[in-house]
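J.: Chains as they are written, first to last, in this note's numbering: chain A, 1 to 233; chain B, 234 to 474; chain C, 475 to 715; chain D, 716 to 943; chain E, 944 to 1171.
Read the hints as simulated data drawn from the structure, not as lab findings.
Ideal Cβ placement from N, Cα and C applies to all residues, glycine included.
Some clues are possibly wrong.
What the simulated footprint calls covered on chain D by chain C, stretch by stretch (three residues with Cβ under 8 Å from a Cβ of chain C suffice, anywhere in the stretch; the number is not a length) [to be verified]:
| id | region |
| --- | --- |
| 1 | 769-780 |
| 2 | 845-855 |
| 3 | 859-870 |
Facing chain C, according to a computed beta carbon distance under 7 Å, are these residues of chain B, among others [what the hints assert, rightly or not]:
| id | residue |
| --- | --- |
| 4 | Asp237 |
| 5 | Arg241 |
| 6 | Gly263 |
| 7 | Gln319 |
| 8 | Ser370 |
| 9 | Leu399 |
Now the stretches of chain B that chain C is said to cover, found in silico as 3 or more residues with beta-carbon under 8 Å [unchecked claim]:
| id | region |
| --- | --- |
| 10 | 265-272 |
| 11 | 400-412 |
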Amino acid sequence: DPLRLAVAANFIQTAQQLADEFMQRTDLSVTISSGSSGQLATQVREGAPFDIFLSADTQRPEELVSSGLAIASSRFTYAIGQLVLWRPTTGIPPDEQMLRNGQFAHLALCNPATAPYGAAAIETLKAWNLYDQLRPRLVVAQSVSQALELIQSGNAELGFVALAQVSRLKEGKYTVIPESLYSPLRQDAVLLSRAGENIDARQFMTFLHGPQARDMIRRAGYLTPNGEQEAAR
Amino acid sequence: MTQDQGLRAAFYGRIGAFRYNVEFTLPGHGITALSGPSGCGKSTVLRCIAGLERSAEGYCHFNGRIWQDGRKFIPAWKRPVGFVFQHPSLFPHMSVRQNLVFGSPGNWRASLRSGFSEVVTILDLETLLDRNVTQLSGGEKQRVAIGRALLRRPLLLLMDEPLSALDQARKSRILPYLKAFSKRMNIPVLYISHDRKEIDYLTDRIILMDAGQTFNPSINHDMENTACRKYPVFSAPLLGE
Amino acid sequence: MTQDQGLRAAFYGRIGAFRYNVEFTLPGHGITALSGPSGCGKSTVLRCIAGLERSAEGYCHFNGRIWQDGRKFIPAWKRPVGFVFQHPSLFPHMSVRQNLVFGSPGNWRASLRSGFSEVVTILDLETLLDRNVTQLSGGEKQRVAIGRALLRRPLLLLMDEPLSALDQARKSRILPYLKAFSKRMNIPVLYISHDRKEIDYLTDRIILMDAGQTFNPSINHDMENTACRKYPVFSAPLLGE
Amino acid sequence: MKGIPTDVIEATILTLELAVVTTGMLVTIALPLAWWLAFPHRWWKSMVNAVISLPLVLPPSVLGYYLLLAFGPTGPGGWIARLWGARTLAFSFHGLVIGSLLYALPFAVQPIQNAFHAMGRHPVESAAVLGASPWRTFYRIAIPMAWRGVVTAIVLSFAHTIGEFGIVLMIGGDIPGQTRVLSVALYDYVESARWHDANMIAGGMVMFSFLTILLLSSLQNRKRRHTS
Amino acid sequence: MKGIPTDVIEATILTLELAVVTTGMLVTIALPLAWWLAFPHRWWKSMVNAVISLPLVLPPSVLGYYLLLAFGPTGPGGWIARLWGARTLAFSFHGLVIGSLLYALPFAVQPIQNAFHAMGRHPVESAAVLGASPWRTFYRIAIPMAWRGVVTAIVLSFAHTIGEFGIVLMIGGDIPGQTRVLSVALYDYVESARWHDANMIAGGMVMFSFLTILLLSSLQNRKRRHTS
Ligand SMILES: Nc1ncnc2c1ncn2[C@@H]1O[C@H](COP(=O)(O)OP(=O)(O)OP(=O)(O)O)[C@@H](O)[C@H]1O
Ligand SMILES: Nc1ncnc2c1ncn2[C@@H]1O[C@H](COP(=O)(O)OP(=O)(O)OP(=O)(O)O)[C@@H](O)[C@H]1O
Ligand code: MOO
Ligand SMILES: [Mg+2]
Ligand SMILES: [Mg+2]
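Chain A with its partners taken away, still in its complex shape (with noise of 0.2 Å):
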């Protein structure tokens, strides 16, 4: 049986690309599902054959841990959002006073209530005191990706996506959000219950925590944690 992981929509691209690291590493075979991390935490819960599952947040595989579902021991940050301000057009990058100025129709955030990064961009707004003025031109998507799709296609003009959706990109600017304005975005990874004696799942888990994986995790446009008591908390 492959190693199954569950890994929340904004992550799929970097964990194949870990996934396909490990696999040539180990000669084991991975396989990657995705969704919204709220939807693979109930698939967990009603007895979805996952062995590890990468989120998006903290709380979800908090919940997961409490009712047994997974192994506290386990569980850890993989990796840190970043929060950027995108537009697809060349020139200056997108920032606090382009906002403020108003010179556009839609900015595209996605929706706080299934995705973190939509949070955090609200709480953004909120610090710089923009979002009661910009409320009625907030068009929310369902994901990151689903954000994205909507600035990239021109019918937003600007907004809210995660660094490492545009990191790569060749066309477009953004500017990065400073961490300060809004809540850390953890993501954290969780050994799930019934692979708890399953050696590759430990396995995985040990090559996540490494170097050469923290260092495509950055590459990839994200932080990770620093020093060993981040893992271990």
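Fit chains B, C, D and E with the ligands to the supplied structure of chain A, relying on the hints for placement.
T.: Just chains B, C, D and E with the ligands now, kept in the frame of chain A:
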């Protein structure tokens, strides 16, 4: 339960505003005409006998078997009747041949039997056998419907104006055959027609109806006296005009 | 373009394997019978005249107007014909009254006009006017179909075995009316029938057909000589049997 | 009503508006289209028929993406939107209607077309020889006789528009009062594990739709219609 | 074929399997169900009809969630799954089939039921007086005569099963080779912005479906069928 041959039936009921209340018998063989003005309920009676009018109350015994009484109702498909509807409702997705053999025992091999070719010849259907029935003229459809009912090998034949759309030449070929068929198979036939000549030639008994009621069946040659004043024969007033 | 009254027509073409090639004229008034064995193409000819058979080649001139020739084809709904189909195709979602007035000029107010009540009386439809047409007997449907065609006030009346399902009493009431209607409106009627008596009474001209071909029209009393041997009248062989 | 949040009420009204407008337009488009497709038969009409059904085979969110491209400034939608000074057809009620129309079209066209076919040519020919123009035949004969098919079209497209979600989510932008319909709100609740609210909305939608569909189907079973 | 990733091939096969199995089962269920619903008319059959259409009004992912609960260890599905030692009906091909069946049922039942209605009672009565049992009438008369409706049912449910996605993702769990169908794979590609692959898959799905639907519709237009 009676053991006598033939049909003993009485039906009453209503369809919409139309009420019917009929009672009659058919002997075990021979052709009986059913006649009466348009809308008097002739087709309804045939449907009751065949078991198609489930709302009908009454009874219906055939050759000593109960087809319908207060408690029992044999469904239409279990009654060995042949029925030629007033409007030939052929199966539009089948060829003439398939329509003809649909009801005959042994079904698909029936087209090889001698009965088949006899019926096909009399009804002049040879050239039409592989035609789709939607591509037939009115009279051709009617002939297929007759053939289908005969090939079913019924024990009781119910025919609702079966020859109304046919030319005289065809009629004069089919009528004697029907008469012979009834005799050979020794089955009773109930035959609806408005055509006095047809009735005269075919039948020896007539049941007259009006407004959902049957009159006592009368021997055919008595009909002139009982009925003609009520249903003047077509030729009389016309010729006198 | 001819200026004469009546219909001049010739059609040729094929439907499936059936080929037809007919040519005939109708005078500007009076009833002409169209007769011939089942499947010979009578209904097809009527459909060609009405413009329902679009594949037909040929020509059709009526009262000096071109309905069809090599280049022109007036669609059916622009031709002032009344058509009684062999199978009465009433509109099942309408009442009898709605069916009757559907084609009459002025439509819904037509039921108040005198013509309406006359037709309804002759056809004995008074009690059925508010009935849904799916709840009619075979003969009742046929009468509604006749009424519908007459109330359309056609300039040419095409009738395909219109009385085949009617009792003698009704026939002997409707036939004189048809004759009078044709005369009063001064319109030609083309009338398909297999019934020798009907033809004798109604028509003064007959067009005979066989296998998709018309014979030269003959005056009615000549028919016995030209046609009777080919289409023996029903009564003869039967009575002789 | 007490206890029902205003955003749910807003979303409910919007959903009903969308379902009614879409269904109404669908039937208006589908009736003539189905009539044209039904008679006479031409081989290329089968192709039109197949094309109509194609939006069904793409996942709604993917179809939504292509619609975004089409609606955007560089697509035909942007060109149209510029007529009234907008940049895009997306994020507007109009856009939702267009998306829903496209997606539900086969549910509307197919049943009506079948009903026209089942009617056969007899009623059409009868109407013609009674002098009814093709237009009159269409609305006095064909539409009433195809009634069952029309009701099926209404039921399927109504239900589907209420439940449709992927496309609406994608091209709507989830703007409260403008494009946030119930299905999107419901999805939010489910995603954020607000089960009580989600169950209530889902229950309400199902109940309401049940009654609506029941009402519609009972129309289907009226044996006859007396159009005056 | 070169260039096509194996996971796409796997997903394609799985999709076809799901579409064919679902469509086949749908028609098998819908034919007798529609026949039973069509004659004779009873008021409560309208209710059954409405209930069948209800899955449509819920957003697929929400319906998928409820199905997940029903399939899971605490629901009736888990009870059934325990028969062969599994914990849940979800995350398996069977589960997908059940979910798709439920969702596409109205698309199959409604057109067939309409076709049975349009046939009228004449053919049924003719068959009865020719001695055909109800069962023989059903398969020799009713089904062939309802052919157009059956084809529509097949087209709509086939297309919809190919495109369906919300339910499949939820109850399937996106497991490669088992429940990852093309629509889910396509969604994954779109989510990870692999547009080139996504366009290729979408194009392939549309092309294939177009041909399939075209083929099916051409069956619809066969004027007659000679069943031997
Ligand atoms: N769609 C069709 N395909 C092939 N042949 C057809 C089609 N429709 C009619 N025919 C044939 O055309 C011929 C003429 O048909 P038509 O209905 O005109 O006959 P008819 O003279 O009216 O006969 P009847 O007196 O029986 O009504 C018939 O032989 C019939 O079999
Ligand atoms: N569904 C119905 N609802 C109401 N009345 C009906 C219904 N069907 C038939 N009728 C009426 O029942 C009566 C009998 O009909 P039936 O078909 O038995 O007449 P019939 O004697 O066969 O007439 P015809 O010679 O015209 O065929 C008619 O008056 C008809 O109007
Ligand atoms: O990957 Mo998410 O669940 O869109 O934040
Ligand atoms: Mg009758
Ligand atoms: Mg004819």
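J.: Give a verdict on every hint.
T.: Hints, one by one, checked against the model:
1. 769-780: Result for this restraint: violated, n = 0.
2. 845-855: holds (count 7)
3. 859-870: holds (count 3)
4. Asp237: Hint on Asp237 of chain B: violated, closest Cβ of chain C at ~32 Å, above 7 Å.
5. Arg241: It is violated, given that the least Cβ distance between Arg241 of chain B and chain C is near 25 Å, above 7 Å.
6. Gly263: Result: violated, 17 Å to nearest chain C Cβ.
7. Gln319: 4 Å, holds
8. Ser370: With a minimum Cβ separation of about 5 Å from chain C (threshold 7 Å), the hint on Ser370 of chain B holds.
9. Leu399: 6 Å, holds
10. 265-272: holds (count 5)
11. 400-412: Coverage by chain C holds for the region 400-412 of chain B (8 residues, Cβ < 8 Å).
In this structure, the earlier hints numbered 1, 4, 5 and 6 are contradicted, and the remaining ones agree with it.
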